[in-house]
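S.K.: Sequence lines, in order, name chains A and B. Each step along the first sequence adds one to the number in this note's numbering, with nothing skipped, and position 190 is 190. Going from the second sequence to this note's numbering is simple: count from 1 and add 196.
Treat each hint with caution, since some may be false.
To be verified - The calculated label-pair distances, taken between Cβ atoms and stated as ranges, are: (1) A:Leu55 x B:Phe279: 29 to 39 Å; (2) B:Lys337 x A:Arg68: 19 to 29 Å; (3) B:Gly282 x A:Asn155: 46 to 56 Å; (4) B:Ala267 x A:Gly128: 12 to 22 Å; (5) B:Asp213 x A:Glu153: 51 to 61 Å; (6) B:Gly282 x A:Leu145: 16 to 26 Å; (7) B:Lys335 x A:Val83: 39 to 49 Å; (8) A:Ala48 x B:Leu247: 14 to 24 Å; (9) B:Asp213 x A:Asp144: 45 to 55 Å.
Derived from the structure by calculation, the hints contain no laboratory data. Note that the coordinates shown come from a computational prediction; the quantities given were computed from them, not determined experimentally. Cβ atoms here follow ideal geometry from the backbone N, Cα and C, with glycine treated the same way.
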Amino acid sequence: MSFINYSAREINCKIVYYGPGLGGKTTNLQYIYKKTSPDAKGKMISLATETERTLFFDFLPLALGMIRGFKTRFHLYTVPGQVFYDASRKLILKGVDGVVFVADSQVERMEANIESLDNLRTNLTEQGYNLDAISFCIQYNKRDLPNVVPVEEMNRVLNPKNVPWFEGVAKDGRGVFDTLKEVAKQVLMELKKTGR
Amino acid sequence: MAGSDLVMYEEEFKQIDEELSKLHEQANAKLTFVVDKNGQLITAVGETENLDTTSLASLTAGNIAATGGMAKLIGEKEFSILFHEGERDNIHISIISQRVILVVIFDQRSSLGLVRLRVKKSAEALSNIFNRILLKVEKEKGVKGETKSPFAEITEEDIDKLFS
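In isolation and in its complexed conformation, chain B is listed as follows:
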């Protein structure tokens, strides 16, 4: 199977949330979130009430995938930063650890320069956290069988219930 499943643990989740909150505040952003490259939203900080964050996450991943495809065609590894400028709001997208996507949405209360600077600082911290998660997942794989998994005991009945 290609790659490994992304697993998020309580401890690292908190650390990501903290780092994201810090970035959100320092960059004076409207909404800050991280998405897995497959389009799964990991966590979001900021004005999420009237926003469809699930769709935003999926489209962000599609966007990164499409520009990544373009990059390969012209002989680049990836475009690690994307920036979309709107009339009111702007979106800054960057790839972290080649695995997750960090998105900052901001308006005139902030600026591209500030966002870029803060993102660069946070990227390193976030990158470290995600590397730790990967290590942890690998380690847990090694001791498979001993770890309690909520899915090891799924029955067909459980699945039937989902559709009833």
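Same shape as in the complex, but just chain A:
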């Protein structure tokens, strides 16, 4: 649910990074934060436990620049990936414009990926959205690890609709901006379609 302010000539969009616990959602945001010039970003807020596991959400406001005379702002959020934080995940999806699913490429995390993707679909439906209709892309993270599932197999299991996907190593930044750019593009194109 974007917020268009004709008075301040601003447009704000909300993008949520979803995925299983320890998959690299927060790492994606941290990399974006690190690599963005200070005048384009706000403070990154992390509501995390003492062991740095996301408790409620991470939040990073980004000002990307002007489009047709409008200041374009993206608010990036992550959800807590751990299964038992489902109530919090639902809240964060409220008013979302685009979703990035950060999958963990390790063999032993495939089941967690599937479970989290199912959970995303269910939670979106509960909010009145349809995963097949909203702006959405997937990042296969941790491609630098030795025990990863081949990309073809990940696509077969997690991406039957063949939405745009990227290989990533979030800690080194590989794929991070490609993913963000893709979802931002889809969100803005959706605005174009709806004609406002």
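Chain B: place on chain A using the hints.
M.R.: Here is chain B on its own, set in the frame of chain A:
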């Protein structure tokens, strides 16, 4: 798609700003702002210089969302007022029209009673303005195609430029 996009027009924006300024003054507040339930800051009045209002807005919405979730669990519709008391500053948060959040930050120069009273008065005025905006958005939707939209002509090139 769930709900409708929030759109803010010049005219209503001014009215909100005026109402907010009035409340800010009458409640003797430090900072007064309105946030959309999704965490987008609409406008703020007061001591904003050294404050990260974007983060404040996002956390306020998270706070309202979390207490709203708690409310549902115990069978309440929502908790329409939240109050946080600090050593120096206090925060009064209230929901308006079930859609936007009004936040008043104040210190010892004011009091909870005064803030509550003034917020109650302003809430009605603000609620009317937001209802008018919703009506306007619905109406504009009806005449889609005739209205000039800045986004109807976005090109991939425009988007690429954002990331260059």
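S.K.: State the violated hints by number, sorted upward, taking the hints as numbered earlier in the document.
M.R.: Structure breaks hints 1 and 6.
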